[in-house]
Every structure is written in structure tokens, then in C-alpha cells.
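What follows is the residue order along each chain.
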Amino acid sequence: AQSVTQLGSHVSVSEGALVLLRCNYSSSVPPYLFWYVQYPNQGLQLLLKYTSAATLVKGINGFEAEFKKSETSFHLTKPSAHMSDAAEYFCAVSDPGNTPLVFGKGTRLSVIA
Amino acid sequence: GAVVSQHPSRVICKSGTSVKIECRSLDFQATTMFWYRQFPKQSLMLMATSNEGSKATYEQGVEKDKFLINHASLTLSTLTVTSAHPEDSSFYICSAKLPGAGTEAFFGQGTRLTVV
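Protein sequences, first through last, are from chains A and B. 55 is the number of the first residue of the first sequence in the numbering used here; add one for each residue after it. 8 is the number of the first residue of the second sequence in the numbering used here; add one for each residue after it.
These are computed hints drawn from the structure, not numbers from a lab. Check each hint, because a few of them may be wrong.
As the list claims (entries may be wrong) - Which chain B residues face chain A? A few, computed with CB under 7 Å, are given here: (1) Leu53; (2) Pro93; (3) Phe114; (4) Thr121.
A virtual CB, placed ideally from N, CA and C, is assigned to each residue, including glycine.
Just chain A, with the same shape it has in the complex:
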């Protein structure tokens, strides 16, 4: 069964600092990996996705993630945090096709002025 593990339930960074949110996956087949962001009482918005093309994936709002098969990782980064980045971030994995996403437990990002 596929799964993802997000290291750190809460990450706090200063405005302008590097954001690094960690995600490791477990999959018996080449995975499809996603990062989503959730603001309070809202649905999820896709930040970026990996679907076996380029290993470095660029997403919206300046976020990017690198797929590293040797480390089974798909960490999310942003060079400079903005106050508006404060939210809950979920890493997810999926099989190809019309199958549900399996989510990690989420990481709450706080940005300090």
C-alpha cells in the first residue's frame, strides 16, 4: 500500500527565510506525488505534482519540490517565505488512474514577521 510520511507537524520560519517541508513516500510502483495547501475552513489547492517527468517540479506561489527516488523523498521548498504562506500543507500519493489520494498527516507552516 502506498503511504506518505510528513516529518514535522509544525514548522515555523521567519518571513523571508527558506521554507522546507519534508515528505517521504512508500510505494511499490512509480508514484504520483502531490503537494496541496489548505487554508482554514477551505478545501485543498494543488501546489505542484510529480508524475514521472522532470524530477524538479515547480509549482504555484514560488514553491518547488524535488523527487529523489534514492531517498524516497519529495520535499517542498520555497526560497523566501511570505506571511501569506502560513497554512496547512499536505503531501499526497496516488496510483495512476481514478484512484483516491492518500494524504500525509500535514504540516502547519507558521511565518513570523
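For this one, chain A is given, so just place chain B on it according to the hints.
The following block gives chain B in isolation, referenced to the frame of chain A:
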């Protein structure tokens, strides 16, 4: 991107009553939709997979008689919480994928259900 609309965004109901939540794919046809439940400060837990024209597939531990799912058309799935109790209070989110392999899921805005 594709749009999934969920309604209502918030609902308060009395214990023992039923509540229906609608999930619509506005600009694509979704043969399958997924229903998740999210407790405060927790992740999304898959409740069931809704299949157009057939019975939903429920995850282990989800009461199918309490959480009735109907997927009568290619653009609408509904989740009915029957005989609601306070422990059913939660955030419910639906999602759907575009046809094709490896595509991301698009999510509704979520429904905050409070049972009093």
C-alpha cells in the same frame, strides 16, 4: 483547472436529523468522486469512493448506513449523514479527478457540519 463545487459550506443540524451535502463537478464529467472527512488539526481520511451509476465503495470502519452516498449523474455526488449525532460533527470534503492517469484531484470547498 477543473472546478469542484461543494454545498453547503456550513450546516448546523439537530441530533437525529439528516443532512445532505452536494458535490458537483462544474466543467468536467466525473465518473468517480471521493469523500473525505477531516477532524480538527488532522489529515484527510478517505470515507468512500462514489461511482456513477453504481454503489459506493466504503473504507473500513465507515458506516454505510449512516453515510449514504449517491452518484446519480456524471456531475453530482451527494453524501447524506443520517440520524446525525454530535460525534458526526466534522469537516467533509469531496474531490474528483479528471480522466486520465496520474492527474491531480480537485477538491470542493468543504462542508463544516456541526450537530447540536
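Here is how each hint holds up against the structure:
1. Leu53: holds (5 Å)
2. Pro93: Constraint on Pro93 of chain B not satisfied, violated at 19 Å.
3. Phe114: holds (4 Å)
4. Thr121: With a minimum Cβ separation of about 12 Å from chain A (threshold 7 Å), the hint on Thr121 of chain B is violated.
Taken one by one, the earlier hints fail for this structure at numbers 2, 4, listed in ascending order.
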